[in-house]
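Engineer: Read off the chains here:
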Amino acid sequence: MKILSKTLNKINIFLENNPKITIYFPQFLIILVLTIIISYFSLNASTNMAARGIETGFAFLKNKASFDIQFSLIEFDSNDSYARAYLVGLLNTLLVSGIGIFFATVIGFFVGIIRLSTNILASKVAEAYIEIFRNIPLLLQIFFWYFAVLRLLPSSENSLILFDFVFANIKGIYVPRFVWTNFNFLTYGLVVSILAIYIFRFYSKKKQDLTGVQVPTFTTSLIIFVVINLLFIIIGNVGLSLTYPVLETNRGIHNYSGGVSVIPELIALAFSLSLYTSTFIAECVRAGILGIDKGQKEAAASIGLSKSQILKLIVIPQALRIIIPPVTNQYLNLTKNSSLAAAIAYPDIVLVFAGTALMQTGKAIEIVSITMLTYLTLSISISLFMNWYNKKNSLTER
Amino acid sequence: MQSIIELKNVNKWFGEFQVLKDINLQVSQKEKIVICGPSGSGKSTLIRCINRLEEHQKGDIIVDGITLDANTKNIEKIRSEVGMVFQQFNLFPHLTILDNCTLAPIWVKKKTKKEAEEIATKYLEKVQIIDQAKKFPGQLSGGQQQRAAIARALCMEPNIMLFDEPTSALDPEMIKEVLDVMVDLANGGMTMCVVTHEMGFAKEVADRVIFMDEGKIVEEKPTQQFFNNPENERTKLFLSQILN
Ligand SMILES: Nc1ncnc2c1ncn2[C@@H]1O[C@H](COP(=O)(O)OP(=O)(O)OP(=O)(O)O)[C@@H](O)[C@H]1O
Ligand SMILES: [Mg+2]
Numbered sequence: 001m002k003i004l005s006k007t008l009n010k011i012n013i014f015l016e017n018n019p020k021i022t023i024y025f026p027q028f029l030i031i032l033v034l035t036i037i038i039s040y041f042s043l044n045a046s047t048n049m050a051a052r053g054i055e056t057g058f059a060f061l062k063n064k065a066s067f068d069i070q071f072s073l074i075e076f077d078s079n080d081s082y083a084r085a086y087l088v089g090l091l092n093t094l095l096v097s098g099i100g101i102f103f104a105t106v107i108g109f110f111v112g113i114i115r116l117s118t119n120i121l122a123s124k125v126a127e128a129y130i131e132i133f134r135n136i137p138l139l140l141q142i143f144f145w146y147f148a149v150l151r152l153l154p155s156s157e158n159s160l161i162l163f164d165f166v167f168a169n170i171k172g173i174y175v176p177r178f179v180w181t182n183f184n185f186l187t188y189g190l191v192v193s194i195l196a197i198y199i200f201r202f203y204s205k206k207k208q209d210l211t212g213v214q215v216p217t218f219t220t221s222l223i224i225f226v227v228i229n230l231l232f233i234i235i236g237n238v239g240l241s242l243t244y245p246v247l248e249t250n251r252g253i254h255n256y257s258g259g260v261s262v263i264p265e266l267i268a269l270a271f272s273l274s275l276y277t278s279t280f281i282a283e284c285v286r287a288g289i290l291g292i293d294k295g296q297k298e299a300a301a302s303i304g305l306s307k308s309q310i311l312k313l314i315v316i317p318q319a320l321r322i323i324i325p326p327v328t329n330q331y332l333n334l335t336k337n338s339s340l341a342a343a344i345a346y347p348d349i350v351l352v353f354a355g356t357a358l359m360q361t362g363k364a365i366e367i368v369s370i371t372m373l374t375y376l377t378l379s380i381s382i383s384l385f386m387n388w389y390n391k392k393n394s395l396t397e398r
Numbered sequence: 001m002q003s004i005i006e007l008k009n010v011n012k013w014f015g016e017f018q019v020l021k022d023i024n025l026q027v028s029q030k031e032k033i034v035i036c037g038p039s040g041s042g043k044s045t046l047i048r049c050i051n052r053l054e055e056h057q058k059g060d061i062i063v064d065g066i067t068l069d070a071n072t073k074n075i076e077k078i079r080s081e082v083g084m085v086f087q088q089f090n091l092f093p094h095l096t097i098l099d100n101c102t103l104a105p106i107w108v109k110k111k112t113k114k115e116a117e118e119i120a121t122k123y124l125e126k127v128q129i130i131d132q133a134k135k136f137p138g139q140l141s142g143g144q145q146q147r148a149a150i151a152r153a154l155c156m157e158p159n160i161m162l163f164d165e166p167t168s169a170l171d172p173e174m175i176k177e178v179l180d181v182m183v184d185l186a187n188g189g190m191t192m193c194v195v196t197h198e199m200g201f202a203k204e205v206a207d208r209v210i211f212m213d214e215g216k217i218v219e220e221k222p223t224q225q226f227f228n229n230p231e232n233e234r235t236k237l238f239l240s241q242i243l244n
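Chains as they are written, first to last, in my numbering: chain R, 1 to 398; chain H, 1 to 244.
Hints were generated in silico from the structure; no laboratory data involved.
Beta carbons: idealized from backbone N, C-alpha and C, even for Gly.
Hints should not be assumed to be uniformly reliable.
Claimed, not checked - A few chain H residues that face chain R, going by a derived Cβ cut-off under 8 Å, partial list only:
#1 51
#2 88
#3 106
#4 108
Just need the whole structure built from these sequences, with the hints factored in.
Structural biologist: Encoded structure:
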């Protein structure tokens, strides 16, 4: 008994002196157990499949896919490989997530700030918006926009026409395509103007440090941007023309061609993902702004800072620290939720690769693991970025 | 002597509740006054009205010859001449101690960074935490944070300093280091209004002590008289409680 308690004691002391072990040991255990389980099952699976004569491996990726994908950012037809189908699916997932993240952020910040407004009507409207779109299941919202709204649009020949150049019908929404001449000059202009703004910011900061003079940074940056880009457009003779979608009839089938078409599946999915996630982002924004102690604003006011200076120097920098980590989490959720695409047949990675390709090839283990790995990589890159950001910006405490 | 702060019949309500009732008070240049009284008597509200962190509804407040009203320009001018120290320090946690101190000189007084840092260094030396200048508020002890907050206020080189229970959130062993800084400041000739229950401090530096109860100034006397022969019953009760 004595020896036992003595050894236990020793272990305790050892652990206390090496806190890192106590932190990492459980994680180490979990990884170990997971590895054992996974190797057991995959070993099992491969022996079983070998016994039934199913070949394993990733060679199938080079095979001809021989199916069509309705919507693709890169050229794709049925002669292309499974690997290219994977890429099409991945790009479509990234596209809808990207659009969703952009609009969810814009709407979320807007609604979150309105929610805090002293105007009771505005604040109540924002609250109602949040409650409605947060509490209806996402899948239902996708169905609503897809089946109850976009599927009810008229057929091609009776399209709804907005401003004479946007055509909405059951096959999607058609907008004019931008055709640029000397487009590269516009790119140069953009790069040069951003560089110029960067340099201007650097020098105005330096000037303030040295002379105390404050330059209105935002207005000046805007002027620099507009002037430089205009110059490049004029010098480079940049031209823009639009090709409008036109209704064509081919053997009795009406279709628009010439413009850019956005399929209704993409619209419904991007729309629901944006609205749904924006409610969570709005709550993060609200919490971030409310999370700043009233004393901070009072202290800033007491040393003579003006309202806009308090916002710029005290409130926003502190609120962003609180807001950004949970918002990044929402980005992760949105990316994962985009896999609901399968429900309305938007060709994302799950539908194209883990769906069609899997059915055709029967390579369940390979395809599912590639797909899972893809999502894992996306998530891990977002969270690595978040960790890095947090570390960089976290408040230094004792 | 000419008064630098003047309150005439000041009244203030929070909704239905009247916090300040007909307050009349004059503070002369270089005078030090201590305000005490039971919790909820309106002490904080009173000194917060002096730099208009709170708005009064009736009466006049004149600081350094400027009447406080809805005119924003005046408010910012007043605030850069009146420093304030809070119970909870309220340092900006995302800025170093040095940046906390240079912020207002740079953005309000339009000083160069070098000038602002010279001023900050001077006052951080005065409150004896110049060695902490590059640290963030979260890395400092309560006493050090409060001294940094005093330095931040001093960097605007104010004529008047307001203190709202500057030592109430501190552990006993840190109270002295903050009070020492305040005594030092008082000896340097600063006009000071201090809400505090540190009667030792009051006896040492105050010219006058003001006792408030239920939104009214109940007793206002030179320090010696205030402690030796208070007239009002509530003052007597309060003193007997706080001194024992
Ligand atoms: N923003 C506010 N809204 C409503 N009532 C308030 C507000 N601020 C203070 N009060 C009330 O006004 C009264 C006086 O408050 P004040 O903070 O001035 O008291 P105090 O004398 O400083 O008390 P303490 O010693 O507790 O700090 C209290 O009853 C308080 O509840
Ligand atoms: Mg108080």
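Engineer: Work down the list of hints and note, for each, if the structure agrees.
Structural biologist: Checked hints:
{"no.": "1", "hint": "51", "result": "holds, 6 Å"}
{"no.": "2", "hint": "88", "result": "holds, 5 Å"}
{"no.": "3", "hint": "106", "result": "holds, 7 Å"}
{"no.": "4", "hint": "108", "result": "holds, 4 Å"}
No hint from the list above goes unmet by this structure.
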